[in-house]
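Peer 1: If you want the building blocks of each chain, they are given just below.
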Amino acid sequence: MSSNLPKDQEFLLPASTSFIVFSLFVAVMLNWLPWSGWALALRPDFVALVLLYWCTHKPHRIGVGIAWLVGIFADVADASLFGQHALAYTVLAFGGIVLHRRVQMFDLRQQAMHVFPMLLLSYAAYAAVHWQVRGYVAWEYFLGSAVSALLWIPMTLLLQSLRRPRRDPNEL
Amino acid sequence: MDDTRTLRFFNRGPSPAARLVFFSVLSLLLLFVDARYQYLESTRKVLAVIIYPVQRLTALPGETMGRIAVYFETQKQLLEDNAQLRRQHDADAAQLTQLRAIQAEDDQLRTLQELKQRADYPMQMTEIAYVERDIFKRKLFVDKGSQANVQAGQVVVDDKGVVGQVTRVYPWLSEVTLVTDKDHAVPIQLLRNGLRAVVFGSGDISEMSLRYMPVSSDIVVGDVLVTSGIDGTYPPNLPVAQVVKIERDPAYPFARIVCVPLAGVDRHRALLIVSGLPTLSERPATSETSDEPERARKRLKRRKP
Numbered sequence: 001m002s003s004n005l006p007k008d009q010e011f012l013l014p015a016s017t018s019f020i021v022f023s024l025f026v027a028v029m030l031n032w033l034p035w036s037g038w039a040l041a042l043r044p045d046f047v048a049l050v051l052l053y054w055c056t057h058k059p060h061r062i063g064v065g066i067a068w069l070v071g072i073f074a075d076v077a078d079a080s081l082f083g084q085h086a087l088a089y090t091v092l093a094f095g096g097i098v099l100h101r102r103v104q105m106f107d108l109r110q111q112a113m114h115v116f117p118m119l120l121l122s123y124a125a126y127a128a129v130h131w132q133v134r135g136y137v138a139w140e141y142f143l144g145s146a147v148s149a150l151l152w153i154p155m156t157l158l159l160q161s162l163r164r165p166r167r168d169p170n171e172l
Numbered sequence: 001m002d003d004t005r006t007l008r009f010f011n012r013g014p015s016p017a018a019r020l021v022f023f024s025v026l027s028l029l030l031l032f033v034d035a036r037y038q039y040l041e042s043t044r045k046v047l048a049v050i051i052y053p054v055q056r057l058t059a060l061p062g063e064t065m066g067r068i069a070v071y072f073e074t075q076k077q078l079l080e081d082n083a084q085l086r087r088q089h090d091a092d093a094a095q096l097t098q099l100r101a102i103q104a105e106d107d108q109l110r111t112l113q114e115l116k117q118r119a120d121y122p123m124q125m126t127e128i129a130y131v132e133r134d135i136f137k138r139k140l141f142v143d144k145g146s147q148a149n150v151q152a153g154q155v156v157v158d159d160k161g162v163v164g165q166v167t168r169v170y171p172w173l174s175e176v177t178l179v180t181d182k183d184h185a186v187p188i189q190l191l192r193n194g195l196r197a198v199v200f201g202s203g204d205i206s207e208m209s210l211r212y213m214p215v216s217s218d219i220v221v222g223d224v225l226v227t228s229g230i231d232g233t234y235p236p237n238l239p240v241a242q243v244v245k246i247e248r249d250p251a252y253p254f255a256r257i258v259c260v261p262l263a264g265v266d267r268h269r270a271l272l273i274v275s276g277l278p279t280l281s282e283r284p285a286t287s288e289t290s291d292e293p294e295r296a297r298k299r300l301k302r303r304k305p
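Top line first, the protein sequences correspond to chains A and B.
For the first sequence, the positions run 1 to 172 when the numbering used here is used.
For the second sequence, the positions run 1 to 305 when the numbering used here is used.
What the hints contain is simulated information worked out from the structure, not anything from laboratory work.
Each residue gets a CB set at the ideal place from its N, CA and C atoms; glycine is no exception.
Just to be clear, a hint being listed does not mean it is correct.
As the list claims (entries may be wrong) - Derived CB-CB ranges, DEER-like: (1) A:L108 / B:R256: 48 to 54 Å; (2) B:M125 / A:Q132: 35 to 41 Å; (3) B:L85 / A:L120: 49 to 55 Å.
What the hints assert, rightly or not - Chain A regions said to be covered by chain B (calculated; three or more residues, Cβ under 8 Å): (4) 31-42; (5) 75-87; (6) 94-108.
With the hints as constraints, model all of the structure from the sequences given.
Peer 2: Dropping the structure here:
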């Protein structure tokens with residue numbers, strides 16, 4: 001990371017509300033692309049990742065309530081049961097908020113290892129609801145949580161570079 | 001005790017744990033209501049209209065790619081395609097004249113035997129808007145909805161056979177559950193000997209299973225299964241699947257029969273919605289009366305051949 005800020009001040013980077021909304025919107029668009037087959041099984045949950053990013057970096061701006069709302073829209077788009085994604089994202093956001101100080105102490109690789117169990121928990125919540133209602137679980141679904149955790153590193157780098165203000169006009 | 005606590009200068013609202021409990025309970029409540037009753041369908045429709053533009057936007061890259069590919073198709077290819085289609089058309093036309101003759105004959109025989117006449121079903125063309133992104137389900141969305149008079153329960157077919165059934169209708173979209181969806185049941189008949197059965201989806205895109213058939217039942221590999229039409233949901237004689245594997249193990253009461261769907265369940269863009277459901281005569285008063293496709297399907301599940 002080529003940061004001019006010391007590492008422990010990364011969380012001080014500004015984030016405008018419009019930028020947060022835009023990042024969530026892009027994540028939703030990525031999730032709704034026509035994935036199918038194995039790509040669908042391996043697809044990272046972009047919305048979960050971006051939600052988790054904002055929950056750990058700006059826990060007072062994005063919280064459980066917004067995660068729930070995004071989940072409801074995801075439910076309508078995916079024709080899943082009302083509250084299925086909402087429950088998963090609620091659990092995820094709670095995990096992110098509770099662990100946000102802890103996660104920020106580590107470097108990106110270690111952060112990804114913290115993020116993985118949280119994602120796994122959220123995926124498990126989704127699968128558990130499905131199992132309760134329809135009575136079976138597609139196990140390859142959980143591959144997505146591992147891919148998502150791996151994507152945490154590039155996504156954090158991207159979002160942080162977008163948040164970093166450009167002080168020098170000649171800087172690329 | 002209180003002195004050790006940090007002062008709270010800013011009111012941040014309820015704690016995350018309280019919010020977690022609140023929203024989890026809310027989600028579970030919604031889940032329960034949605035799974036058990038149909039109260040939330042109107043809410044779902046309103047939200048679906050809100051997100052419809054975004055959904056179309058996400059489908060745009062794929063559609064644009066398709067259009068660009070079509071644009072760059074060379075003239076030679078187009079000529080070849082045209083010639084092939086014309087040949088196909090000629091062959092089909094020849095068969096169609098035969099079919100007309102057979103239909104007339106069938107009508108005449110039915111009149112003689114005082115049987116009910118076969119009906120033709122109006123169809124409307126539709127295109128796949130996008131495929132379900134949920135790995136647990138085999139569903140897709142087509143771009144005709146209640147604005148085009150699509151109703152839940154209608155059957156969706158392509159040129160080869162049955163693709164699925166409309167299960168939920170939005171203003172400009174409808175949700176189609178594919179025949180390969182887990183536990184989706186289609187009542188069928190063997191084309192060869194008229195044996196009636198029910199074929200179930202397996203949740204796998206290229207597999208269906210014929211359950212509850214005795215080991216001794218007269219089924220061979222290659223048998224074509226067509227809809228029987230006795231359920232009041234599927235019109236009769238639409239091809240559904242073909243038997244590819246049979247395991248007869250005397251230790252089990254039923255044979256394990258694997259079929260593949262005949263329709264390109266995961267291939268085409270253009271599909272047909274069969275409007276005009278067949279009307280069955282009234283059921284006898286003793287049994288439960290319902291014409292909802294959901295319940296009809298459940299009923300069929302119970303009726304083991």
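Peer 1: Give me the numbers of the hints this structure contradicts, sorted from smallest to largest.
Peer 2: When the structure is compared with the hints, none of them turns out to be violated.
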